[in-house]
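Engineer: Chains G and A, in that order, give the protein sequences. Note that the numbering used here numbers the first sequence so that position 66 is 66, with each residue one more than the last. Note that the numbering used here numbers the second sequence so that position 97 is 97, with each residue one more than the last.
Incorrect hints may appear among the rest.
[To be verified] Restricting the straight-line Cα-Cα distance to at most 20 Å, the calculated cross-link-like pairs of lysine to aspartate or glutamate (DMTMM-like) are: (1) G:Lys14 to G:Asp104; (2) A:Lys78 to A:Asp17; (3) G:Lys14 to G:Asp65; (4) G:Lys55 to G:Glu87; (5) A:Lys57 to A:Glu45; (6) A:Lys42 to G:Asp27; (7) A:Lys59 to A:Glu70; (8) A:Lys42 to A:Asp17; (9) A:Lys42 to G:Glu22; (10) A:Lys59 to G:Glu87; (11) G:Lys14 to G:Glu59; (12) G:Lys66 to G:Glu22; (13) G:Lys20 to G:Asp104; (14) A:Lys58 to G:Asp104; (15) G:Lys41 to A:Asp17; (16) G:Lys55 to G:Asp27; (17) A:Lys57 to G:Glu87; (18) A:Lys58 to A:Asp17; (19) G:Lys66 to G:Glu87; (20) G:Lys41 to A:Glu39; (21) A:Lys69 to A:Glu83.
[To be verified] Simulated DEER-style distance windows between Cβ atoms: (22) A:Gly79 to G:Ser73: 41 to 47 Å; (23) G:Thr17 to A:Ser27: 43 to 49 Å; (24) G:Asn70 to A:Ser10: 23 to 29 Å; (25) A:Asn67 to G:Lys20: 39 to 45 Å; (26) G:Leu99 to A:Lys57: 17 to 23 Å; (27) A:Gly16 to G:Ser54: 22 to 28 Å; (28) A:Tyr76 to G:Gln60: 45 to 51 Å; (29) G:Leu117 to A:Ser28: 43 to 49 Å; (30) G:Ala72 to A:Glu45: 24 to 30 Å; (31) G:Phe39 to A:Glu45: 37 to 43 Å; (32) A:Tyr76 to G:Leu76: 24 to 30 Å; (33) G:His7 to A:Lys58: 17 to 23 Å.
Source of the hints: derived by calculation from the structure; they are not laboratory data. The structure presented is a predicted model; accordingly, all values stated were derived computationally and were not measured. For each residue, glycine too, the CB sits at the ideal point set by N, CA and C.
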Amino acid sequence: GAVVSQHPSWVICKSGTSVKIECRSLDFQATTMFWYRQFPKQSLMLMATSNEGSKATYEQGVEKDKFLINHASLTLSTLTVTSAHPEDSSFYICSATGLAVITDTQYFGPGTRLTVL
Amino acid sequence: ILNVEQSPQSLHVQEGDSTNFTCSFPSSNFYALHWYRWETAKSPEALFVMTLNGDEKKKGRISATLNTKEGYSYLYIKGSQPEDSATYLCAPWAGNQFYFGTGTSLTVIP
């Protein structure tokens, strides 16, 4: 199957700093990328849907000014957590898929563990 | 928000045993359901995409069935091996997104 990389795999930062997470589809063109967040013992929760060349669609309760998503190419989407605070500490994971979002296979990155001190 | 329930939450089986788990979801407005296998420190791996009521999919020793009328999908593993140890996630599509269950954590004891 296709490979999606995510970088960094873990990051520790101080409160108030910004952190950028990259999600790359290495061997296919990802028309759509999803960003999820997972808190301990909870399920993956969708934060936003990102389509190449257009603005991301954020889920209710996710602050678009805090979680900046850029999907500038068919192989790269970035999530920037701006002015991170301890409550933003979580596991962030991206997935990439093709045009038929509902039925195409989703390929996931390995995730990023963010800890904000 | 769609309520997706997976049971059991965790499962320990002996090597060679067969096992199955359940994914329950609201049956209205069903479009598709995805199953994933997620090993620790790795990316979730897609197992099956299921769309039609009565669908049965198979990949090696793993198979899945789908009942959209009653809102459930079963995942079966025949002759479990230690390498099957992972968390198995299901994710039906509803509205405009996938909704993930919390998964079934399977440990296969050698």
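Engineer: Does each hint fit the structure? Answer for all of them.
Structural biologist: Evaluated hints:
no., hint, verdict
1, G:Lys14 to G:Asp104, "violated, 38 Å"
2, A:Lys78 to A:Asp17, "holds, 7 Å"
3, G:Lys14 to G:Asp65, "holds, 19 Å"
4, G:Lys55 to G:Glu87, "violated, 25 Å"
5, A:Lys57 to A:Glu45, "holds, 16 Å"
6, A:Lys42 to G:Asp27, "holds, 18 Å"
7, A:Lys59 to A:Glu70, "violated, 24 Å"
8, A:Lys42 to A:Asp17, "violated, 25 Å"
9, A:Lys42 to G:Glu22, "holds, 16 Å"
10, A:Lys59 to G:Glu87, "violated, 40 Å"
11, G:Lys14 to G:Glu59, "violated, 26 Å"
12, G:Lys66 to G:Glu22, "holds, 16 Å"
13, G:Lys20 to G:Asp104, "violated, 27 Å"
14, A:Lys58 to G:Asp104, "holds, 17 Å"
15, G:Lys41 to A:Asp17, "violated, 27 Å"
16, G:Lys55 to G:Asp27, "violated, 23 Å"
17, A:Lys57 to G:Glu87, "violated, 40 Å"
18, A:Lys58 to A:Asp17, "holds, 18 Å"
19, G:Lys66 to G:Glu87, "holds, 12 Å"
20, G:Lys41 to A:Glu39, "holds, 16 Å"
21, A:Lys69 to A:Glu83, "violated, 33 Å"
22, A:Gly79 to G:Ser73: 41 to 47 Å, "holds, 44 Å"
23, G:Thr17 to A:Ser27: 43 to 49 Å, "holds, 46 Å"
24, G:Asn70 to A:Ser10: 23 to 29 Å, "violated, 38 Å"
25, A:Asn67 to G:Lys20: 39 to 45 Å, "holds, 43 Å"
26, G:Leu99 to A:Lys57: 17 to 23 Å, "holds, 22 Å"
27, A:Gly16 to G:Ser54: 22 to 28 Å, "violated, 51 Å"
28, A:Tyr76 to G:Gln60: 45 to 51 Å, "violated, 36 Å"
29, G:Leu117 to A:Ser28: 43 to 49 Å, "holds, 45 Å"
30, G:Ala72 to A:Glu45: 24 to 30 Å, "holds, 27 Å"
31, G:Phe39 to A:Glu45: 37 to 43 Å, "violated, 22 Å"
32, A:Tyr76 to G:Leu76: 24 to 30 Å, "violated, 38 Å"
33, G:His7 to A:Lys58: 17 to 23 Å, "violated, 35 Å"
When each numbered hint is compared with the structure, violations occur for hints 1, 4, 7, 8, 10, 11, 13, 15, 16, 17, 21, 24, 27, 28, 31, 32 and 33.
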